[in-house]
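A.B. asks: Spelled out from the first residue to the last, the chains are:
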Amino acid sequence: MSTNRDDERVLVGAAQAGDLGSFERLYRSTVGLVHALCLRMSGNAALAEELTQDVFVRAWQKLATFRGESAFATWLTRLTVNVVLSERRERRRREARITLADDLEPFAGSVPAARPGEALDLERAIASLPPQARHVFVLHDVQGWEHAEIAHHTGLAVGTCKAHLHRARRLLREVLSS
Amino acid sequence: MNCRDLVARLDDFVDGTLSAADRGAVALHLEICPSCREAEARVRALAAGAAMLPRAIEPAHDLWPDIVARIQGDTVTQGRFGAVRHPRWHRRGALAAAAAALVVVSSVVTTLMVARRDAATGPSGPGRAGTAAGVTAATLELSQARGSYEAARRQLLAVLETRRSSLSPATLKVLDENVRIIDDAVRQMEDALARDPGNQELPSLLVTAYRQEIDMLQRAAGLPARG
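Those sequence lines, one after another, are chains A and B. According to my numbering, the first sequence holds residues 1 to 178 in order. According to my numbering, the second sequence holds residues 179 to 405 in order.
Think of the hints as simulated: they come from the structure by calculation, not from any bench. Each hint should be verified, as a subset may be incorrect.
Unchecked claim - Partial list, computed: chain A residues near chain B (C-beta under 10 Å):
#: 1; residue: R28
#: 2; residue: G32
#: 3; residue: L33
#: 4; residue: F137
#: 5; residue: R170
#: 6; residue: L176
These numbers come from a predicted model, not from an experiment. Quick reminder that beta carbons are idealized off the backbone N, C-alpha and C, glycines included.
Pulled out of the complex, with its shape left as it was, chain A reads as follows (with noise of 0.2 Å):
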């Protein structure tokens, strides 16, 4: 489903009115997109969903800031954005307190089985990404962001960003041509 931005603004306004109907066909039109950064982002398909739902109640709690200075897409895949970098920095933490030798979540299964061939591919090694090289190749060559604004966002420096795309590129040029 989508919206244009006269009917996104009406229903944008309804939603920040309390209406849960507007905002619900809200999520129909933008879920895929939230869904998609956060299995991304993530590499984990069973997180990717819990992800999804953060974002959407993060969404309805702050629709109120949302000005329409955006689409409302956009405004969303910057709080996705948020919202999977927090996790990841909150579950790091966890991670340094708890110590389980079995706490580590394989990757297998975690992308989606039903998309063909070099697509899938590349998905699967986007996936086995070291985390924040994962983050910075989502955002800059599957998103389109550029670096100074991934730098804002993942408190690294721009030439951090450049570094973690660099690795990115070599790593899955290396599992693609393997």
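Starting from the known structure of chain A, fit chain B onto it as the hints suggest.
C.D. replies: This is chain B only, laid out in the frame that chain A set:
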């Protein structure tokens, strides 16, 4: 410029962010170095492949009921990134969470029944009327119950999965068969409700089926191991 210098600049060259002077030097090197040309082609192919990946991937199942339940504050989820995310459940914690979800299901059933009784005995207030988007109080409450049911069901099935080896084959067979029967019934009622959204009876039948399945799973999760 040698090959090592080029490798250090290749990403910026492909992304179009190199200075004019560096861009010229890289282009010059590429003209005379086949292996660097190949490396450039591979980086461009990778970037193009990434840019062409689909922007949207739908989740495997509808996440909206769980989202509504969380928005309404009716789920057991407490912290934003709480322990329920981890796939390896601590059995007691998971059972407690599932039991709490069962309480939520029960309270939603009560709310649903009270709302229906009020609707039958008095004029409906404006706050209970359907919204412009067609979301009525009954469908919203059913949606809440469904979200709680699905969360509790997932949790209990995860607990049972860890316990399968400790239960007898006969118990497992009966359990699996009953889960299948209730799931079939739930699916049929949901299909019927989708075809007839105004049906007054199906929501309560559905919620009853939810409760039966959660009740059965909770009992099974608490069964003693075979001796």
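A.B. asks: Against each hint, give a clear statement of whether it holds in the structure.
C.D. replies: Going down the list of hints, with the structure as the test:
no., hint, result
1, R28, "8 Å, holds"
2, G32, "3 Å, holds"
3, L33, "5 Å, holds"
4, F137, "7 Å, holds"
5, R170, "9 Å, holds"
6, L176, "7 Å, holds"
Going through the hint list in order, the structure satisfies each hint without exception.
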